[in-house]
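Working from the sequences, and respecting the hints, build out all of it.
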Amino acid sequence: MKETQNRPFYRLLWFWISMASILIAIVCLIVAAAFTSKSGIADKKIASMSKSYSKASSFNKNFNEYMRSNVPDYDSYVSGYLDSGSSKSTIDSSTSSSENFTESFGTGQSFSNNDTDIEVNVLSANIDSSVTLSSEAESGAKPLVVTVSIKNTGNKAFSFNTHDFTAYDSEGSVLNLDLNTYDNDMPDSVNIGQVVQAKLYFDAKNDGPFSVTFADGTWK
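Start counting the sequence shown at 1; every next residue gets the next number (full-length UniProt numbering).
The set of hints was computed from the structure by calculation and includes no laboratory data. This structure is a prediction, so every number in the text was calculated from the model and none was measured. All clues given are correct.
Within a straight-line C-alpha distance of at most 27 Å, the following computed DSS-like cross-link-like pairs (lysine-lysine) qualify: (1) 199 x 156; (2) 205 x 220; (3) 205 x 142; (4) 199 x 142; (5) 142 x 220; (6) 151 x 199; (7) 151 x 220; (8) 220 x 199.
What follows is the structure, encoded as structure tokens:
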């Protein structure tokens with residue numbers, strides 16, 4: 001009977017090394033396939049998001065163009081809404097030292113609310129033909145320049161908001177605050193002990209006389 005010879009040790013070693021290599025290769029292929037699949041899904045999601053963003057941007061642009069073409073003073077309205085939301089005044093109609101007062105231009109009045117104490121003065125309200133109104137102003141509108149002053153006499157800063165002031169023409173119509181007002185150096189706040197002046201532009205329809213209100217006060 002012929003004796004069966006044992007395989008040399010090094011042949012068994014290479015066999016197991018080959019098997020391990022094949023197994024590692026299979027695992028790598030599975031991982032690579034999974035990564036490629038996830039990457040493809042991610043690319044599709046990114047492409048979809050980019051397409052949606054592009055559509056949204058296009059819609060937003062078309063919407064704004066439509067609103068500007070069909071809604072009078074749309075930019076002024078948007079600007080006023082943002083300003084009123086971002087810098088709401090700390091002074092309301094109940095803060096005047098006297099209720100529903102009327103003063104002449106150039107006369108200051110005190111307002112208070114908790115630690116907020118200010119002195120407001122509407123210095124003047126005159127047509128100034130040297131001022132250029134924004135392109136949003138109606139044809140034939142005249143530039144009304146309202147000069148205001150606020151002094152902080154309280155214990156905390158006061159948020160300055162151009163829309164705290166409202167201008168009226170001789171017929172009692174509210175005048176639009178012109179966007180070119182923001183070309184001026186407008187203060188964000190009035191610090192303790194500080195006095196600030198600002199020029200506000202309005203789109204007037206006639207030569208006045210004009211009146212300007214702040215809270216429950218009126219200047220004429």
